[in-house]
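Q: Sequence:
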Amino acid sequence: MIDVTVMGGGVLGLSVAYVCARRGARVCIVEKRSPAAGASGGPLGALAPHVPDNWNEKKEFQFRSLLMAETFWREVERDSGRSPGFRRTGRLQAIANPRALELAHARRESARRNWRAKADWRVAPASEFGAWCPTGGTGYVIHDTLSARLEPRNACESLAGAILELGGEIRLGEVPAGGQVIWATGYEGLRDLSGHFDRLAGDGIKGQALSLQYDAGDVPQLFIDGVHIVPHENGTVAVGSTDEREFASPDSTDWRVEALLNRAVGICPTLRGAPVLTRWAGVRPRAKSRAPVIGPWPGRNGHFIVNGGFKIGFGIAPKVAGLVADLVLEGRDVIPSGFRVEDCLGL
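Numbering (my numbering), first residue to last: 16 to 362.
Derived by calculation from the structure, the hints in this document are not laboratory data. Please note: incorrect hints may appear among the correct ones.
[To be verified] Taking lysine-lysine pairs in the DSS-like style, the calculated list, with each CA pair at most 25 Å apart, reads: (1) Lys47 - Lys133; (2) Lys133 - Lys303; (3) Lys133 - Lys73.
[What the hints assert, rightly or not] Each pair of labels, with its calculated beta carbon distance range: (4) Glu75 - Asp258: 23 to 29 Å; (5) Glu357 - Asp258: 42 to 48 Å; (6) Met83 - Arg278: 19 to 25 Å; (7) Arg305 - Arg271: 20 to 26 Å.
For each residue, glycine too, the CB sits at the ideal point set by N, CA and C.
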């Protein structure tokens, strides 16, 4: 007998199943391909906050989830015996001009107020970080200590292993669902939801990324001119990603990923000549509101939706998992306003 079936083996579905299993539920993941086969299988793994000003419920939710992340992933590693590659190494963002420098200083005050001394946002000389950090623009960078990184595929495999260790199941293919059913089916699920209700719920944005053989150590990740450069503990550096609203193939790479590599080397010349290990493409689910879509499926008793979280899925996974487990196992509904399925669909 199954208490909870999770349709979809991406990071949100796996995280929900893991937390439900830890609370004693008998869980089953149903994945038509393999865990992390979609957007959760990319190499990037940047867990970074929104800017700390203009604070709202979505930013507060993400902030709390990022604070939970270290404990969450430590427990996953303990239960599975496999490292997800998590480490809170921080992030550097170049400051291009005097106006941006002024804004960065102002946001330090916002971070002090909204991050409540749990992490720091400061302006620092780029030279403080050596050859790893470019010194263009003003010569200063934003250094935040809230950002973290993990290795996405390893993290998903660690979650899957923990679920199995806790007595859960992972079934591949078309498998009948049992018990409460949670739909965490990515951009294809958003398209299905749009068709079911005949109104736009969201769609997918394709991204391309790559992984380089380069051991940068425990330096902060970089986010400069829209490019993420993320060092990992396994001696690689991930670079990403593109945003493509129109695409013919969801999982093929092309000239855009080569252009991305050239931009990364231009930003961080120490990467020049580093061997390319993988080139990756996948489609990330983007809800119409860009917020996560969470809650009961309207009109389908015992069915729930967990989707969206465009670009922040790994960062919000710990808190989403606990919130959905509360809802499904205990009937306790604490879904933030703006995240509900009805809000996304305008019902």
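Q: Tell me, in ascending order, the numbers of any earlier hints that this structure violates.
A: Those not satisfied are hints 1, 2, 5 and 6.
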